[in-house]
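Colleague: Residues per chain are reported as follows:
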Amino acid sequence: MTTTTTAEPLLQVRNLQKHFPIKKSTLFGGQKQSVKAVDGVSFDVYPGESLGIVGESGCGKSTTGRMLLRLLEPTGGEVIYQGRDIAQISAGEMRMLRKDIQIVFQDPFASLNPRMRVRQIVEEPLMNFRICASRKEARQRAREILEQVGLGENHMERFPHEFSGGQRQRIGIARALASEPKLIIADEPVSALDVSIQAQVLNLMKSLQKEYGFSFVFISHDLSVVKHFCDRIGVMYLGKLVEVAEKKDLYAKPMHPYAQALLSAIPRTVPGSTKQRIVLQGDVPSPANPPAGCPFNPRCPAAFSDCTEIVPELISREGRQVACHLYPADDPQAGQQQPTAV
Amino acid sequence: MLLSSSNQAPTGDLLVVENLEVAIPEEKRDVTIVNGISFTVPAGRTLGVVGESGSGKSLTSLTVMGQLPKNLKLASGSIRLNGEELTTLSTDRRRRLRGKEMAMIFQEPMTSLNPSYRVGAQIVEMVRNHQDVSRAEARKRAIEMLKLVGIPRAEEVVDDYPHQLSGGMRQRVMIALALANEPTLLIADEPTTALDVTIQAQILELMKRLQAELGMSIILITHDLGVVAETCDDVVVMYAGEIVERARVEELFAEPKHPYTRGLLESIPDIDTEVDVLPSIPGTVPTPQSMGTGCRFASRCPQAFDYCRENTPPEIRVNDTSAAKCWLYDPEVVAQHHPEHTAA
Chain A
1 MTTTTTAEPL LQVRNLQKHF PIKKSTLFGG QKQSVKAVDG VSFDVYPGES
51 LGIVGESGCG KSTTGRMLLR LLEPTGGEVI YQGRDIAQIS AGEMRMLRKD
101 IQIVFQDPFA SLNPRMRVRQ IVEEPLMNFR ICASRKEARQ RAREILEQVG
151 LGENHMERFP HEFSGGQRQR IGIARALASE PKLIIADEPV SALDVSIQAQ
201 VLNLMKSLQK EYGFSFVFIS HDLSVVKHFC DRIGVMYLGK LVEVAEKKDL
251 YAKPMHPYAQ ALLSAIPRTV PGSTKQRIVL QGDVPSPANP PAGCPFNPRC
301 PAAFSDCTEI VPELISREGR QVACHLYPAD DPQAGQQQPT AV
Chain B
1 MLLSSSNQAP TGDLLVVENL EVAIPEEKRD VTIVNGISFT VPAGRTLGVV
51 GESGSGKSLT SLTVMGQLPK NLKLASGSIR LNGEELTTLS TDRRRRLRGK
101 EMAMIFQEPM TSLNPSYRVG AQIVEMVRNH QDVSRAEARK RAIEMLKLVG
151 IPRAEEVVDD YPHQLSGGMR QRVMIALALA NEPTLLIADE PTTALDVTIQ
201 AQILELMKRL QAELGMSIIL ITHDLGVVAE TCDDVVVMYA GEIVERARVE
251 ELFAEPKHPY TRGLLESIPD IDTEVDVLPS IPGTVPTPQS MGTGCRFASR
301 CPQAFDYCRE NTPPEIRVND TSAAKCWLYD PEVVAQHHPE HTAA
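Chains as they are written, first to last, in the numbering used here: chain A, 1 to 342; chain B, 1 to 344.
Treat the hints with care, as some may be off.
To be verified - Examples of chain B residues toward chain A, derived with CB under 7 Å:
hint, residue
1, A136
2, E205
3, V249
4, I268
5, I271
6, L278
Simulated from the structure, these hints should not be mistaken for laboratory data. Note that the Cβ used here is the ideal one computed from N, Cα and C, for glycine as well.
Let's have the full structure, built from the sequences with the hints guiding it.
Modeller: Structure (structure tokens):
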């Protein structure tokens, strides 16, 4: 599936923020500080596409995913779905909206109610969102959905603990599927699974998407999985999107220095094939005290004076968006040379 | 010397593991969970042990270290380090070997470092347990080690508590701790699994550099075939408590022999190629209780034939540097029992 750029976006995210307040008490009383977990993220999700969000731990990718369903309340910005700002609507309206936007979590051990039978787990959304008029109808529909994710009649009356990790993730997918959503947020859906099982689950999600045409926001730290699964990819670093591009563009030629380092760091399965790896120095700075200017500047091999002072905007360039001072505004003359410092 | 056979000269092989068997003692009958593991680690080389969860790879390494959980027992087997048999050693001698001759690093550094001691104190303790040096000398050594593993401001970090460090830094401290007494064998159990890729790249690079400098042997236990491809010389692949394939690293990736290895390699999305549907291995790993006769992979194997389901395959040598536990490499069995031949 490729992106239909002419289509209306299904979901528009504008300048989304999540700042968690932290207390820092000093001798002279507290000074207000906050962890900027997500700090101004904007992107669109188109119907039927899979948008990948990649980044390392603590970059804010899961926080972003949760805010799209308001499992976490945004502290700023907009999430526009069907002309309405999800961030502003009432809790009651939001609850009904979750029919359209569902989530699959990373840990299939923690995200299923241990006291509910598999059948009940899938029936619940069918009844809640009034998709099925009667219990009997819901039971029939639950059976069909479970069959689609590869679980049979004999599994329906069992409890989650009786299943393996891969099977539990299938149950989680069935539950998300039940409400006939238009968008599924998949937060590290295969990270807890062994590779042979991971492939089964990825294939299942893809074939279901083909059948029903919903969109995915696929959150992952695994760049190989994201490349296999997604159409477009956004790379996050320290609460900000640093590059958003079509998959083939990003993997062929990452532009942001962080995206370059991230891609070069993936171990290849062909011995001796890893060429000029960019090994980044140091660690990700704390989001409570991010560096001035570009968040990546302390570790960036290409940083220059502007980078420590001015926060780069995510701007369009060569058919993608990049937030980096190496690439000034989208004008045909602009090359890769560094702009002179102001 | 990848293939463990008795006619090979002992020189050069630092660690020789033969026919290791680990079991859960149960009233009626012991349940074997690691079954007949043999491998050797030559001096200065890196052996990768690959397998999915439950394959027995971590238990194998704990057995080598002599730190098997109390509810499990070593049913049989021999482990020789530099010719010295470890399985019959006294607890005291074993403890003295641990941390001196052999050391281990774990996946999660936060749970293996003591949270209530400064990192320096932990390294000092490790050094003074095995060497007769003064506290001041040991502290100097601790700072040296922290510098060696690439920790910036080592003189300050030596007085930090583990929680003050990031995940990557903690893993470096773990490595410093493990290498403090310059062991000849380092066992690294998923050393980079809890780390982000950019930090993983740093740690793998560091381990390679230290191996070159200190000349130790490494057993690297991992589920990540990418990490294996980058760091190992030889590889053994484990499935359901057994070694199903062993080979040189280049050969394993270029020409996997066992159908399980092949399936495993195919099911990883490759960053450099594009496929629509990922090949996957159907089904799941059998539980130790449910393993009957026959090849343990047979129920998931696309190439299995009736003979596989009834007879346990031995390890069959495919060539000088590789072997597979698979009937497909026994020409006699194939000729007599494979449907392609029996039908003709």
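Colleague: Each hint: holds or not?
Modeller: Hints, one by one, checked against the model:
Nearest Cβ of chain A to the Cβ of A136/B: about 30 Å, over the 7 Å cut. The hint is violated. The beta carbon of E205/B is positioned within 7 Å of a beta carbon in chain A (closest approach about 6 Å), and the interface hint is therefore held. Given the 7 Å rule on beta carbons, the hint for V249/B holds: about 5 Å separates it from the nearest Cβ of chain A. Given hint, I268/B at the interface with chain A, holds; its Cβ is 5 Å from that chain's nearest Cβ, closer than 7 Å.
About 5 Å separates the beta-carbon of I271/B from the nearest beta-carbon of chain A, less than 7 Å, and the hint is met. Taking 7 Å as the C-beta cut-off, the interface hint given for L278/B holds, the closest approach to chain A being about 4 Å.
The earlier numbered hint that this structure contradicts is number 1, and it is the only one.
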